[in-house]
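**Student:** This note's numbering numbers the first residue of the sequence shown as 1472 and each following residue consecutively.
The hints are simulated quantities; they were obtained by calculation from the structure and are not laboratory data.
Idealized CB from N, CA, C, for every residue including glycine.
Hints are supplied without guarantee of correctness; some may be wrong.
[To be verified] Straight-line C-alpha distance at most 27 Å; calculated DSS-like pairs for lysine-lysine:
hint	residue 1	residue 2
1	K1486	K1507
2	K1802	K1568
3	K1597	K1677
4	K1597	K1560
5	K1760	K1715
6	K1597	K1694
7	K1542	K1560
8	K1486	K1590
9	K1730	K1597
10	K1507	K1597
11	K1696	K1796
12	K1802	K1703
13	K1542	K1626
14	K1760	K1590
15	K1712	K1802
16	K1715	K1696
17	K1590	K1730
18	K1730	K1802
19	K1694	K1715
20	K1677	K1704
21	K1764	K1859
22	K1560	K1590
23	K1715	K1802
24	K1703	K1568
25	K1704	K1568
[Said to hold, decoys possible] Quick list of simulated restraints, FRET-style, between CB atoms:
hint	residue 1	residue 2	range
26	S1530	S1490	15 to 25 Å
27	S1856	T1686	49 to 59 Å
28	E1596	G1828	14 to 24 Å
29	E1676	E1803	48 to 58 Å
30	K1562	L1503	24 to 34 Å
31	D1775	V1891	11 to 21 Å
32	E1539	E1734	53 to 63 Å
33	E1676	K1542	45 to 55 Å
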Amino acid sequence: MSTLGIINSDSQVKKSIESAFGQNSQYSKDMLFLVKEDEIFEFINYALPELVIINFSESVINIIKIIEHVKNDKWILNFGIIGIFDNEKDKESDLLKKYNDINVLVMLDKNLIASHFLKCIECIEKNYQIIFQREFSRTFLEGASGSFTLDNDLKSVPLYAGIGATILSQRGLLDPERKMHLQLALIELIVNAIEHGNCGISYEEKTEALESGLTAVEIIAEKCKDPAINAKKVVFSWDIKPEKSTFVISDQGNGFDVKEYLEKMRTQSEYSLHGRGIKMAAKLFKNIKFNAKGNQVALIVEHDKSAEYEVPAGFTKERIISVKKGDVILKEGDPSDCLYYISSGTYDVIHNDKCVGTLSAQDIFLGEMSFLLNQRRSATIKASSSGKLIHLTQKTFVNIIREYPHYGVFLSKLLAKRIVRSNEQAANRQ
């Protein structure tokens, strides 16, 4: 991770962050606390950070001046922001509205730093593409889509759900009360996918465990001692359109009888120890659909009618391609007249009939090396799962670089990360 700039003068916040990172030397050595205005401008202008922490409840630093500087300079606009706030001074909804035109990924109450901050950093690092998702979608698309791949870790669920809800709230597509409801609904549905889907915990099994005094976290930890269960993932994806957004949560379990489960929820006591997740989500958002197998659920959110979603002038809607497992995206030896932005899915890189790597949304682009070098494709790329890609022509991409120069820096960083990862993989094979 590049140096983590922390714009903050509050000693309590500083102490909480240092304490949260105290157990992890990887992060603690890369923290840079910034208080003086000239130091802050120096950092964001020349360090070209990927992630910055900002205390939005500052009483010493002129945060508004800092944000105006960021907004007015396209070169530095694109870093991700973790917002810290004091809920005794400010409301999260007011801050999201006030700063809706910068890239706030998460807004975190300062009292939750100890329990949530490190997990939040890990979540963003693991899903590197979300730092650039907002600006990219604003530039290229009349909407946005993306996905996260989650381990069976209940502690991380509120963070992923919070980012999902913040995506809509910050764009003005969801009022503050519904933002909270959406976050709760997503939490419940993701937890359900982990517990009942991947871990295969039955209604009766969970009841017995909870009544014996175990917590849900302990039940899942016990289940994940089985390597086969521990390896299962939950995919949390979203697709934002002008009128509505769809959130899809898929697990790798065997599914369940949806009708039977819902009937059990309908007849159980409201004070039951568990089983209220789907029921709560369905109450908050009426449009929830399960697949026939029961291992995928889609939650559809109608946007607030007063909301406006603007796409910068001069950019047309690019072609979105839905792919299925086995589809060949690029062929070795073909001309490289385009590249693809990876919205979701996984893709195998095949050279001389051997799979030499796998790409996912975290890799951002697909086919960019031969595209940039203006050479023929050096490998075949085949979809190893269903997914979505955004087709970008050479003309479109060059025009974007001219208009938004920070994409050039971003692409350089992306290629550098690829080289580092490739070197690490080569070293591990020796």
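**Student:** Would the hint linking K1712 and K1802 be met if the CA-CA limit is 27 Å?
**Tutor:** Given that 27 Å is the threshold and the Cα spacing comes to 31 Å, the pair is violated.
**Student:** Need the status of pair K1703, K1568: alpha-carbon distance at most 27 Å?
**Tutor:** Roughly 37 Å separates the two Cα atoms, so the pair is violated.
**Student:** Does K1696 sit within 27 Å of K1715, going by the straight-line distance between their CA atoms?
**Tutor:** 40 Å, violated
**Student:** Cβ-Cβ distance between E1676 and K1542: within 45 to 55 Å?
**Tutor:** 52 Å, holds
**Student:** Is it true that the CA of K1760 sits at most 27 Å from the CA of K1715?
**Tutor:** Holds, at about 15 Å.
**Student:** Mind checking the alpha carbons of K1597 and K1677 for me, to see if they're no more than 27 Å apart?
**Tutor:** Cα-Cα ~30 Å, so violated.
**Student:** So if I understand the rule, the pair passes when the alpha-carbon distance is 27 Å or less; does K1507 with K1597 pass?
**Tutor:** Not satisfied, since the Cα-Cα distance of roughly 31 Å exceeds 27 Å.
**Student:** 48 to 58 Å was suggested as the range; check whether the CB atoms of E1676 and E1803 agree with it.
**Tutor:** 49 Å, holds
**Student:** Can the suggested window of 24 to 34 Å be confirmed for the beta-carbon pair K1562 and L1503?
**Tutor:** 29 Å, holds
**Student:** K1560 and K1590 were given as a pair; does the straight-line alpha-carbon distance stay at or below 27 Å?
**Tutor:** 25 Å, holds
**Student:** Does K1568 sit within 27 Å of K1704, going by the straight-line distance between their CA atoms?
**Tutor:** 33 Å, violated
**Student:** Is K1715 within 27 Å of K1802, Cα to Cα?
**Tutor:** The hint is violated at about 35 Å.
In summary, the numbered hints that this structure violates are 2, 3, 4, 9, 10, 11, 12, 13, 14, 15, 16, 17, 18, 19, 23, 24, 25, 27, 31.
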